[in-house]
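**Q** Chains as they are written, first to last, in my numbering: chain V, 1 to 513; chain H, 1001 to 1328; chain Z, 2001 to 2369.
Don't read these hints as lab results, they were simulated from the structure.
Ideal Cβ positions, reconstructed from N, Cα and C, are used throughout, including at glycine.
Do not rely on the hints blindly, as some may be mistaken.
Reference listing, derived: stretches of chain H covered by chain V, where coverage requires no fewer than 3 residues with Cβ under 8 Å from a Cβ of chain V [said to hold, decoys possible]:
(1) 1158 to 1171
(2) 1176 to 1184
(3) 1187 to 1199
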Amino acid sequence: MENRVAAVSMQGISKSFGTIQANYNVDLNIYRGEILSLLGENGSGKTTLMNMLAGIYYPDEGQIFIDGKPAAIHSPKEAFSYGIGMIHQHFKLVDVFTAAENIVLGTIAKGKLDMAKATAKIRTICETYGFDVDPEQKIYNMSVSQKQTVEIVKVLYRGADILILDEPTAVLTPQETDKLFAVLRNMRNDGKAVVIITHKLHEVEAISDRVAILRKGQFIGELITKNTDAQEMTNMMVGHEVKLNIDRPEPVDPRPKIEVDGLTVRSSDGILKLDDVSFTANAGEILGIAGISGSGQKELLEAIAGLQGVESGTIRYVNDDGSREELVGKDPLEIAAMGVSLSFVPEDRLGMGLVGSMDLTDNMMLRSFRRGKSLFTDRKTPRELAEKVVDELEVSTPSVNTPVRRLSGGNVQKVLVGREIASAPTVLLSAYVVRGLDINSSYMIYDLINRQKKNGVAVIYVGEDLDVLLELCDRILVLCGGKVSGVLDGKTAEKRQVGLLMTQLGGGEPVEQ
Amino acid sequence: MFDLVGFIPRAVVQSIPLLLGCTGETISEKAGSLNLGIPGVMYVGAISGVIGSFLYEQSCGGEVSTLPAILIPLCCCLLGSLLMGLLFSFLTVTLRVNQNVTGLAMTTFGIGFGNFFGGSLIKLTGSEVPSIALSATSRVFSKSLPFANDLGWFGKIFLSYGFLTYVAVIIAIIAGFVLKRTRTGLHLRAVGENPATADAAGIPVNKYKYLSVCIGCMIAGLGGLYYVMDYASGVWSNDAFGDRGWLAIALVIFTIWRPNVAIFASILFGGLYIFYLFIPSSSMATKELYKMLPYVVTIIVLVLTSMRNKRESQPPEALGLPYFREER
Amino acid sequence: MNNSIKEPFLHITKRKEMAWQKAWAIRGGMILLALVICAVITASTTELSPLAVYGTMFKGALGSARKVWVLGKELAILLAIALALTPAFRMKFWNLGGEGQVLVGALATAACMIYLGKTLPNAILIPVMFIAAVAAGALWAMIPAYFKAKWNTNETLFTLMMNYVATQLVAYYIIIWESPKGSGKVGIINQNSEAGWLPVIGNNKYLLIILIVAAVTIAMHIYLKYSKHGYELTVVGESQQTARYVGIKVDRVIIRTLFLSGAVCGLTGWLLVSGSDHTITTTLAGGRGFIGVMVAWLAQFNPIAMVASSLLLVFMTRGAQEISTIYGLNQSFGDILTGIILFCIISSEFFINYQIHVRKAAGKEEANV
């Protein structure tokens, strides 16, 4: 096998952004007639590395060889000329164009633009592989999986023979994933080189012939998939064996705090995001929310926080004396005015939770700057809070006057969580709090959440890592396509059971609350 | 009785600078560059043509021959506008400076440049004419088509204009076709809608931005040239061009970024501009209110399209934003 | 490694942050470069030596007490407009409508002077004029703000169009108020009674204007930096999503901020008509609504730094006027110099925000520039 000439050979590749070293001295070979999984945790530099093949970034150091010949890929166009096509995680489609217009975009063919001919060719490709896409449809009318299909057809249309897919299954249903994998196998059998970037082990096992592992921007090693197992890959990926051992204290006196009943939410373009969702979150308990991304988790949290319009249903807050107050139809300020202390750690930290260009002090006062009758802001209290958060949560920052944008992901998250917890909430909503964080920071966050639970806070924890959900949460609510597909007891639930509920409705026995 | 046969030709001559400015601006906006320097570019285009033609007329003592009388100002105009276009694209595309600020600076500079040379050309060249009146060149530019006078109303409405009028219409039709139907147009629109996508598709984003701004500026510059040479009969007077550059930008919005619609819309705008002349009862004061109409109508269109929120009639998505590939 | 492989020669990356001293040094350097270019151009058109050019400009801008006062007034007016636009810009709302907002403020002032000049004493008339001007300017800015807040209507284009609606409105009233008839001008309003004229402090007609604008500068600085409103509008400018998340009513902040922006423009119109020109023309704002955009931007929206950036532009304009008068050149000479200065300073932002790396053939890279 080592006598084959690699379709792509990357040697000693390094790339940094400012002080962040995204890749360091990476060597990687990609062969034709093979599916390679590029495995690594979030932030391990997989996407950056592939972006250098796709011409999006240019390496700071190192050399790329295509079919044994040195190549410099300065632009996506040059990448295409080497037969490299990449399907990005964030689709690169022009919304107001049709599928066909997007597909022909950038093709080098000269002469008149013959849309009819292009459309015919697209239809042929679709028939060959069984894609369901209407070339005349505008992108902004399409579903996520349709958009991905367009992306893949686009690469095929250009006859790329080195395909890179960046976490393609993140947005797909299991059936769609199976279909995609079938297509990828066809392409491999056609002699194309396929790279799939992923952090899901079962996908690696299902699809790839070979797996290369990155950790913190460095190449750790490669394995033949059929000769390895999940344990070995995990070890290489995370560096040491994963034993989560997250603390789960017994809930003290759990009483209903938030009662959601028949909640139905539509997005601004009329798509049903939550469909008749009902559940109760208890004080002194962590309620986990599981589901594949985009199953309505964001809308659920935002509806409770007063940021999302609701079509029907109720969200009731239960006071200590047992009286109930309706939260639907109120904005965050009105909810706060009712005396409901509700904290929300949103998924988009710098786009929603914090203001990147402001310093720690100014970010601390985002929630509280209105306090007092004065026309002017009080910066003394938030400054003290910022110093306290930096101190207690071990935020590494030059000073509290540093814009939060300049902090690393984990520190940004500590600032955000620190602020949200500082207001002594009775309800804590959190979305993907540990995404992109290193192990130590993650554990610190779990610890903080558990402390809130002990204080009697009703915690709603939206997560993506099932192992964490199963070890941290008292109950797990599973969302699938905007519906509640089950509520499980965290102590007894099995990973397989949750996985099943995430992908199909009614696949498991709901546990009585 | 409203004198339609008298009105249309006058609306048309008013419309041509707007049409050229609008076509140029549309091309550059479609690729994502909101060039607020267009009014300045039109001044520069006009004065460059004037300088070229002035020097030529001076050198041959008023005895001009047709070809150089057209080519010299035309080339000077295109060159002047091109330089402005290069300046704008260098600052906004290569140096990624804010487009609004750059555009406004270019307008300040361009109008100043036009008025300065318009006012000082005679002194600078040391010639002895009382004012810049390029009547010989203007005669060539405003020569109407054959039979214009023999075909009654038809000739008056369709044939009575100088060649730049027809050039302007042809440019608008070609621009509309290129933007909508060709690969180049598709790529250009992709750059204006979503440069990151265009880049990933292998389209040279910066090249398209440079080209669209420069071609746009050259077309807009012709609008200035038309104004002096044809409309104003070769007489340069400072600030006479007025706010037509801004009106051209308004027209882009009014036509929802479609140059072929601009052909008719510009005549409508031109008509609104001189409408007061054909309303016998209107006073001097109300005529000023009529001049407001194009802007008010544009605002209404702007508001209506944003309210209807139809994706196709929105401004290009990346309009006004710089693009930097390694942004992270 | 193969040296024949072509690698990009210049390679541009975004800078993380630059020390403010270095940033201002770059800006200062570019201004210097601009001044040199201006001197060379002026020297080539006037046959003055480049040094003498600035000698003449100094004389033109600061050569006599009167000239200093005029410079002060021009500075104050330009600064006031730049200040007015700043809160909107901080909110990332491109208010290019300064021109129109100043004009309607001036129009309201002139209307009060003409219609109320005979009936009200100055002590009442001037405050009435002030309120009318501020209200008119604020209203003019709130119209695009309302549509921006409600339907996200493109504010750059909307405010731009509002300028010309205002211009024509003024043109309309100029003809109605024409004096003497047929002149096409309004002439000096209340020339004899001086009704509605701002009082003169000491002997200096412009002192009051300068003092008022100085007060506005300080007030604006405090508003932006220390007030709750200032904090809110910065949050809205950085991220509307964050603003909603913390319960800031984005619509209300947009409209309120543009109310302020327009109000200060209206105030400037009031200063121009009541304090300095005592008449109204369509070119009263004279492009300063646009120059103000650049002044504010050059100063990075910092009110105190705007004093310096407007001084630079006013100095160049006044100096160029002197040169053009002496050498019989056109008055627009100043605009050309202003343009050159602007081009140079705006390109300095590139060097502050980005870093150029020059690649050596071996693939090692050499940072800097």
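**Q** Could you run down the list of hints and mark each one as holding or not?
**A** Verification of the hints:
1. 1158 to 1171: violated (count 0)
2. 1176 to 1184: holds (count 3)
3. 1187 to 1199: holds (count 9)
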